[in-house]
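Novice: Listed below, chain by chain, are the residues.
Number of protein chains: 2
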Amino acid sequence: MNRPDSIRHRLIQSPQVTTGPLIGSRKVHSAPEGNPHVQVPLREIALSNGETFKVYDPSGPYTDDNVKIDVKRGLDPVRSEWIAARGGVESYEGRAIKPEDNGGVGDKHLAEAFKVTRAPLRGLPGKPVTQLELARAGIVTDEMVYIAHRENIGRQHAADEAQARLDDGESFGAAVPDFVTPEFVRDEVARGRAIIPANINHPESEPMIIGRNFLTKINANIGNSAVTSSVEEEVEKMVWAIRWGADTVMDLSTGRNIHTTREWIIRNSPVPIGTVPIYQALEKVDGDPVKLDWEVYKDTLIEQCEQGVDYFTIHAGVRLGYIHLTADRITGIVSRGGSIMAKWCLSRHKESFLYERFGDICDIMRKYDVSFSLGDGLRPGSIADANDRAQFAELETLGELTKIAWDKGCQVMIEGPGHVPMHKIKVNVEKQLKECGEAPFYTLGPLVTDIAPAYDHITSAIGAGMIGWFGTAMLCYVTPKEHLGLPDRNDVKDGVMAYKIAAHAADLAKGHPAAQARDDAISTARFEFRWEDQFNLSLDPDTARQFHDATLPKEAHKLAHFCSMCGPKFCSMEITQQVRDYAAKLNDAGGIGNLTDAERQKGMDEMSEKFREMGSEVYVDQNDPPRR
Amino acid sequence: MNRPDSIRHRLIQSPQVTTGPLIGSRKVHSAPEGNPHVQVPLREIALSNGETFKVYDPSGPYTDDNVKIDVKRGLDPVRSEWIAARGGVESYEGRAIKPEDNGGVGDKHLAEAFKVTRAPLRGLPGKPVTQLELARAGIVTDEMVYIAHRENIGRQHAADEAQARLDDGESFGAAVPDFVTPEFVRDEVARGRAIIPANINHPESEPMIIGRNFLTKINANIGNSAVTSSVEEEVEKMVWAIRWGADTVMDLSTGRNIHTTREWIIRNSPVPIGTVPIYQALEKVDGDPVKLDWEVYKDTLIEQCEQGVDYFTIHAGVRLGYIHLTADRITGIVSRGGSIMAKWCLSRHKESFLYERFGDICDIMRKYDVSFSLGDGLRPGSIADANDRAQFAELETLGELTKIAWDKGCQVMIEGPGHVPMHKIKVNVEKQLKECGEAPFYTLGPLVTDIAPAYDHITSAIGAGMIGWFGTAMLCYVTPKEHLGLPDRNDVKDGVMAYKIAAHAADLAKGHPAAQARDDAISTARFEFRWEDQFNLSLDPDTARQFHDATLPKEAHKLAHFCSMCGPKFCSMEITQQVRDYAAKLNDAGGIGNLTDAERQKGMDEMSEKFREMGSEVYVDQNDPPRR
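Protein sequences, first through last, are from chains A and B.
The numbering of the first sequence is UniProt numbering, which starts it at 1 and goes up by one.
The numbering of the second sequence is UniProt numbering, which starts it at 1 and goes up by one.
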């Protein structure tokens, strides 16, 4: 059973992308009733007791054994027909690629271009093109049908206890429904309380939704592209992140080949891709913020809109008048985009062109249905700076911009901090919901202390779990390398794992009707000593199995009624099973029963026997006393 | 600067104990005014700007370059004179060591006994011996003086902002004082709201306190001792855990040589040692719970009291009548001690002898000042079982037992869960404080989800941070191997790190007057590009430095005004410094200043120059574009 996985792990060492299902899982598809053309992917985990368990699966075709992956061809454009069928868009000859799009890189370092090209689409004047405009027009898009079915995973399974779950949780005003209908998705989008990041030029994306009445999502940042790295290596970073559960990926690439790298990533990405356009714009002006202007920024927006980027981080809330508010901070401005715009404003003594041109930016993004991720350029970078005037002044401006973007028909989410101590987290969500009309919140952590560089995936998972519970719709991961250096592939996985934990913990606490089903499934497997099921139901079957096998390697132990922590005689779960059997008899007898010693001793004897067969050897291997 | 550390790391590979200070730190001692005999150890971190920063330091003499460590001799009995001076105790010929104390191990596997022996002490009838009895008598013990000074670290430094901090935090009823006086320590102990685990037969321990009006503490579990492992290896596990910040250590050893192993650990431990006596008692009856009785348990308590164990986990709240309440749980009883007692009760159809003999247990523990850690044998082992009737019924009984122990003069803390979703955590603290008269709470996590075996140090750090904030006094760590196998030394460090983060985050959120000083120090170092200071002020200087050096290895980069995440042109912190300088001029000028381009450009030019010198090469090494 380990074989296929170890093979995959060797592949991972090469620049090829990681393919194949997780151990014990297979990709299945499910279509909502009456919509056979909407094929929603799920990951089905096979259990040793014959049951199966389905989980939400953002990993795309890469984990589907029935799909042949060819990164040079890109993924199938699953949404193309839907977009065409809706109409209201036109195909046109896109902006020509210029040398500066790739940082003016010479032939020597020029990366191989993505061969399969498609003429870009854009919305026609007066016609609804964004999911927000369509929703307002009362239209239920195929994306909405897809998302409703996707979000409903496990709800049927949990239907009986659904109400109990909901009553049980504390949602702080969120209203997670027992069942998600396409109409509910439409209404949440129309209301601006959820977004569907889905550029019409990224038809390869599998529709997903970000909003506090849906499953809590996580984002993984990749990029920081390399001159010497192959495009496949960049694509692999994205594939690796979604394999472990990233719902969206931000490409923060800079430097040479930035356009080409992004093209390869988007054409091969089944999840929405976000970017920070100011990074590329800065490259086009030799990295000097002072040289930035509207023309180069506008050119960059159109370039990326045509490529299919699904959401843009735009730091339009960093106003000239707010910059001095950061002067007394311990860590000043820690957002790259924020500091770039601050430098621009100060050097020109002018209001931010992103703020002044915000309407024009909306007009461009609307035509392609690129969602806003309004950046918090003044977010706190330390505990001392949390919730200060600079941060909240910008948040108020983001609220003002949200209304403008909505009027223009654009979808909007709001970025949040950062570094915030536990007792100051909740007010961030409350103020964001109030100022921004409940537009989805998208936070980085927050880190609840500054003192643990190299462990900031943990410091931030604490804050992320809490802020997700309070109503944040998407959590942007932080890796162990934060503050120290570039994350490598192991850091990416560590970051994704910490955030899958935080997001699921948030769904549990909010009372999501289906969230606890997975906890119950894995705990039942644990109690019944179904080790393989416990591994396969976990977030990371490979590591769970590896940790177990480190002390009890033998296949036989996958059936053992104990583990190396306690050994057979101490095994509380085994004893509990006897307690349960006993209690059952009690209930039958309606009082203290009268088991014979023989009856009681039976379970232990079986265990001890099993242990004598193999125990000693195992524990000597592990320097562990046979007596345990 | 790396040299001494790398040498230590080689030592770590051998069975020797890890010695020597952390990089950039040295052990210093400080005596409270008028008490030169009370030498409180601190870790002083030297900063590159000439300042120093002191942190609380439970690592003992092992990190003191001026102390020669000899594990065969044990640590100096720093408290012996204090205990003798108080009087009220007698030395006597202790219980003789029996073969069954070491699991009846044959000569072949018998571990080397600890050579230095001391006749045990016990309290005299009618004389105050426990810190609780002494506190009630109005006596301020040397331990209390020591603890007050130890807890005050950083408070003078933070004095100016102390009030601000307190107002700033949310303590949920805790009352952390601006300054800790010996009288405050005495009153908290007399009130039962804090305990000082300090067996009179463990004079080697450096006094510490557990209570919600003091710094949040963490415990690390070691043990699961090995036939083939040397005693030094067991001692090393303890030394390694306290090196990274464990405040107490529980020895959960079982099997052979259990008595001898514990002796070596206690004689070499500067932190309180806790145990679960039922584990050894079970060994004495061949591992069969059914054979347990009061006599063997009593014999084990006395054995361990004489050795110097500082606190006992006793599952006296697992009553016969509660066991059937676990029958419908998903994971039943997951506490080892709890399941052992449940099996005993069921098999004998009798009330727990721990419950019925509780008064006798108190009388024994009082004589040696062993503190109670009333075990939660019915704690939930899964999200589904959290906060159920079985758990709370036991908690109510623990409250009843707390009053009895207090009446007998014993110090008490209460153990808590376990597996609890975020929204069900707070009520655990509220109910514990109410039922148990504010006796200190000591929780295991809790884990906020069941779905991440191999990452349970993270799932539980989320719950631990929150429950610590709500008022839990000590957090028992969980390692990545939880549910899967035996933790190794890396797991121990990972667990301690995750819990140091949770405990500090809790102190910050409670508004501890000195907690934020360390966050401010490290963030200031970060902002000022004092890389070495950022590493040395962090919880794990070795790993922080290693992560940084992975991308920017050169010594020169320790001075660089950027890191590999953004590179020089994107460095937000550098730009912020310019913003700050600019804002300063603004304030001077009382309006928009008029910096020349030359002025503004200066900082960037310096950076770019520094970057040209070494940047490209670095980034090519790291497959990172020189342009960044």
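Be a bit skeptical, because a hint or two may be false.
To be verified - Chain B is faced by these chain A residues, among others (derived, beta-carbon under 8 Å): (1) Asn66; (2) Arg95; (3) Pro99; (4) Ile383; (5) Thr459; (6) Ala498; (7) His504; (8) Thr524; (9) Gln578.
Unchecked claim - No farther apart than 20 Å at their CA atoms in a straight line, the calculated lysine to any residue pairs in the SDA-like style are these: (10) B:Lys350 with A:Asp581; (11) B:Lys426 with A:Glu170; (12) B:Lys426 with A:Gln16; (13) B:Lys431 with B:Ile139; (14) B:Lys426 with A:Lys115; (15) A:Lys431 with B:Asp168; (16) A:Lys426 with B:Phe392; (17) A:Lys426 with B:Lys350; (18) A:Lys350 with B:Asp168; (19) A:Lys115 with A:Glu93; (20) B:Lys426 with A:Asp581; (21) B:Lys431 with A:Asp168; (22) A:Lys98 with B:Gly173.
Calculated directly from the structure, the hints in this document are not laboratory data.
All values reported here derive from a predicted model rather than from experimental measurement.
Ideal placement from N, C-alpha and C gives every residue a C-beta, glycine not left out.
Novice: None of the hints should be skipped; say for each whether it holds.
Specialist: Hint by hint, here is what the structure shows:
A distance limit of 8 Å between C-beta atoms decides the matter here; for asparagine 66 of chain A the minimum to chain B is near 27 Å, and the interface restraint is violated. With its C-beta approaching chain B no nearer than about 22 Å, arginine 95 of chain A sits outside the 8 Å limit, and its interface hint is violated. Taking 8 Å as the C-beta cut-off, the interface hint given for proline 99 of chain A is violated, the closest approach to chain B being about 14 Å. Taking 8 Å as the C-beta cut-off, the interface hint given for isoleucine 383 of chain A holds, the closest approach to chain B being about 4 Å.
The criterion of a C-beta within 8 Å of any C-beta in chain B is met by threonine 459 of chain A, whose closest approach is roughly 5 Å, and the hint holds. Taking 8 Å as the C-beta contact cut-off toward chain B, the hint placing alanine 498 of chain A at the interface holds, the least distance being around 5 Å. The restraint placing histidine 504 of chain A at the interface with chain B holds, with a minimum CB-CB distance near 5 Å, inside the 8 Å limit. For threonine 524 of chain A, the interface hint holds, since its Cβ comes within 8 Å of a Cβ in chain B; the closest pair sits about 6 Å apart.
The beta carbon of glutamine 578 of chain A is positioned within 8 Å of a beta carbon in chain B (closest approach about 7 Å), and the interface hint is therefore held. A C-alpha spacing of about 18 Å is found between lysine 350 of chain B and aspartate 581 of chain A, which places the hinted pair at or below 20 Å, so the restraint holds. The suggested pairing of lysine 426 of chain B with glutamate 170 of chain A holds, with an alpha-carbon distance near 12 Å, which does not exceed 20 Å. Of the supplied pair hints, the one linking lysine 426 of chain B and glutamine 16 of chain A is violated, its CA atoms being roughly 48 Å apart against a limit of 20 Å.
For the given pair, lysine 431 of chain B sits about 31 Å from isoleucine 139 of chain B by alpha-carbon distance, which is inconsistent with the 20 Å threshold. The suggested pairing of lysine 426 of chain B with lysine 115 of chain A is violated, with an alpha-carbon distance near 57 Å, which exceeds 20 Å. Our distance criterion of 20 Å between C-alpha atoms is met by lysine 431 of chain A and aspartate 168 of chain B, whose separation comes to about 18 Å. Between lysine 426 of chain A and phenylalanine 392 of chain B the alpha-carbon distance is near 29 Å, which puts this suggested pair outside the 20 Å criterion.
Taking the CA atoms of lysine 426 of chain A and lysine 350 of chain B, the gap is near 49 Å; set against the 20 Å cutoff, the hint is violated. Of the pairs offered as hints, the one joining lysine 350 of chain A and aspartate 168 of chain B is violated, with about 36 Å between alpha carbons and a cut-off of 20 Å exceeded. A distance of roughly 16 Å separates the Cα atoms of lysine 115 of chain A and glutamate 93 of chain A; the hinted pair therefore holds under the 20 Å criterion. Between lysine 426 of chain B and aspartate 581 of chain A, the direct Cα distance comes to roughly 33 Å. Violation of the 20 Å bound is thereby established for this hinted pair.
For the suggested pair lysine 431 of chain B and aspartate 168 of chain A, the alpha carbons sit about 18 Å apart, so the restraint of at most 20 Å is met. Straight-line distance between C-alpha atoms of lysine 98 of chain A and glycine 173 of chain B comes to about 63 Å, which puts the hinted pair past the 20 Å bound.
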